[in-house]
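Enquirer: Take these sequences, add in the hints, and give me the full structure.
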Amino acid sequence: MRAGRSPGCSASSGNLEEELLRGVLSDEVARAVAALPEEWRTCVLLCDVEGLSYQDIAEVVGCPPGTVRSRIARARARLMESLARYAAERGIGRGGRQ
Amino acid sequence: MTCVAFEMLSAGVDGVLSEHESHGVQAHLATCERCRALRAELVLLKASVRDGAPAHPPSEALKARLVASVVRRRRLQSSAIWVAAAAAVAGVIALGVGRPWRANDLLAQLVGDHVLITLNEAKPLEVRDRDASAIERWFGGKVDFALRLPRLDGANVVGGRVCNFAGRRVALTFYDLQGKRMSLFVTDREDQVGEGCSEGVRGFTVCREPAHGLAYALVTDLPAAEAQQLLRTGLEQLH
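Respectively, the protein sequence lines represent chains A and B.
Going by numbering that gives the first Met the number 0, the residue at position 52 of the first sequence is 51; the numbering climbs one at a time, nothing skipped.
Going by numbering that gives the first Met the number 0, the residue at position 142 of the second sequence is 141; the numbering climbs one at a time, nothing skipped.
Since the hints were made in silico from the structure, they are not lab data.
Keep in mind that a hint or two might mislead.
Selected chain A positions facing chain B (in silico; Cβ < 10 Å) [claimed, not checked]:
1) ALA29
2) PRO63
3) ALA83
Cβ atoms here follow ideal geometry from the backbone N, Cα and C, with glycine treated the same way.
Expert: As structure tokens, this is what we get:
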């Protein structure tokens with residue numbers, strides 16, 4: 000629940016620009032996550048949402064922890080690209096990963 | 000200057016780097032503004048994915064795999080107990096039987112039950128009620144103690160079920176805190192549950208507190224300090 004998230008759970012820096020950007024982009028984040036390949040999406044959601052360790056994710060999805068690490072990194076790279084494109088199109092971002 | 004691999008930065012945000020890797024990354028970040036900015040974006044992204052999560056509940060297939068994984072762990076733990084019990088019956092050394100569980104086993108099982116029941120609609124609540132008194136009455140006769148439920152600030156009790164834990168029937172109750180489910184285990188065996196608060200138990204926080212002759216264990220994704228405060232305040236207000 001976005002509104003109900005306790006401040007202590009958030010990794011936000013408290014920077015106003017980031018807070019605003021985060022609010023604007025939240026729906027787009029959801030869309031970008033949905034567009035990820037399923038194997039990547041599963042790993043990144045188990046990590047970021049369920050808080051499972053790479054070892055536990057590996058057990059759940061049935062692959063080595065090294066593969067989990069790689070899938071999560073690829074998922075994040077893809078998400079950053081998608082979000083940077085979205086932000087650039089609307090003039091609200093500063094670009095993403097080069 | 001060679002920048003840190005993106006995969007390494009990503010893993011660093013999850014706190015899974017080895018000590019050696021972590022030192023290397025930190026040393027590089029101290030000198031590279033570009034990597035520092037990238038890392039900050041990764042931290043922000045992780046928080047954003049987490050906040051956007053309700054739109055993406057796990058698929059049925061994933062839930063099944065997650066549940067199966069927890070069940071497999073529990074079976075392994077149960078097997079160890081049965082082997083020890085059989086050894087005791089045979090007059091061999093009673094390995095661990097009758098002693099409190101090792102803390103890690105206990106915490107893992109509490110979290111395992113929390114995940115198992117929260118995700119598995121096939122194993123629903125046995126009682127659904129937002130009235131704590133009604134839930135306390137429902138547990139009467141089902142567990143060997145008089146259940147007393149604390150009021151947890153900002154959270155609503157939603158129901159419960161009886162749960163077998165280390166050979167005892169314990170009360171497992173659920174609270175809703177702004178859309179997030181928390182599990183509160185209650186037993187009369189203080190010696191088996193102990194006291195303390197642990198963060199990062201398979202991604203969850205487990206806080207254990209004795210009160211009024213009972214032992215309470217709260218499983219939540221709140222930070223440890225917040226969870227402990229929530230549970231302690233609730234228990235202090237119990238008369």
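Enquirer: Against which earlier hints does the structure fall short, listed by number upward?
Expert: 2
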